[in-house]
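Chemist: Using the sequences and the hints, build the whole thing.
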Amino acid sequence: MPENGMPGPVCDLSSVRESVCIHTKKIFDSCRDKDCIEDLRFYPTHAAQEVLCASQIIKGGCAELLYVYTDVEPVTFNRGFYSIDMRFFYRVTLQVGTGTPRSTEVEGLCVFDKRCILFGSEGSAKTFSSNATLGNIAPQTNLPTAVVEAVDPIVLDTRIVEDCSVSGNYEGSVSEIPVAIAAAFSSPLVFDQPSTRRYYVTLGQFSLVRLERDTQLLIPAYDYCIPQVECSGGDPEDPCGLFKNVGFPMNEFFPPNTVEMPKDYNGTRSYCACH
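Residue numbers for the sequence shown follow numbering that gives the first Met the number 0, so the first one is 0 and each next one is one higher.
These aren't lab readings, by the way, just hints derived from the structure by calculation.
Any given hint might turn out to be false.
Derived lysine-lysine pairs resembling DSS-like cross-links, with alpha carbons at most 25 Å apart [unchecked claim]: (1) K243 x K113; (2) K262 x K58; (3) K33 x K262; (4) K262 x K125; (5) K33 x K58; (6) K113 x K33; (7) K24 x K125.
Modeler: This is the structure in structure tokens:
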């Protein structure tokens, strides 16, 4: 067996055993984005609406990305390029002050739409597989596949608008909400708010977008990929064993002289959720 039997950087190509043809998805184009979505309309649930009507202040909170709907269409007069329309569905939880010492958590929906254009090449071949069953014979478009990778956004700001004639930057059309998205909330969503108030949040979103197609590639092969690490057999229900792996929190006993602003994703998300 060749010495280089594990994935990783290759220093010596002499151990290559053969060239193999594999079927995989090739990435033709990709991009990354860092969106600061200001004044995104917040649609509360029915239970949250009752709390918000008596609210005096809205503090920070957290947001969860539920789903990203994608649609790919060819760009006219620009062969090989495609527009990718994306709709982000968020479940946002806010801390609401109602005059009591303890804040109340409320949740609601936010919707964000964006578009990008990437190169996805061309293809006219029709693909059929023995694994598929014959159903309705529909025409094949052979469009590239759009893949969106994103982390949960950071809640950067929240605000209340008393005058409904003033709208935010991203009101969004919420006439059609998928059933699975609506079912992710504890109570029905309120889109036609009876009060004169509107609620807006500002989110920070990191995302990666790519276009890929099925293709065949010729690659060098070393050998079969054999696992080199043994499966752990520890007891996950042993609380003392788990506690032994936790480092001593020295910083909790000795407060720092200065406090630095967070500079990475995890630190910023925790900072915004607590303030």
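Chemist: Against this structure, judge whether each hint is valid.
Modeler: These are the hints, each one checked on the structure:
Taking the CA atoms of K243 and K113, the gap is about 46 Å. The hint is violated against a cut of 25 Å. Between K262 and K58, the direct Cα distance comes to roughly 21 Å. Compliance with the 25 Å bound is thereby established for this hinted pair. Of the supplied pair hints, the one linking K33 and K262 holds, its CA atoms being roughly 14 Å apart against a limit of 25 Å. Taking the CA atoms of K262 and K125, the gap is near 48 Å; set against the 25 Å cutoff, the hint is violated.
A threshold of 25 Å between alpha carbons decides the hint, and for K33 with K58 the separation of about 23 Å falls inside it, so the pair holds. Our distance criterion of 25 Å between C-alpha atoms is met by K113 and K33, whose separation comes to about 12 Å. For the hint linking K24 to K125, the alpha-carbon distance of about 16 Å falls within 25 Å, and the restraint holds.
Violated hints, listed in ascending order, are 1, 4; each of the other numbered hints is respected by the structure.
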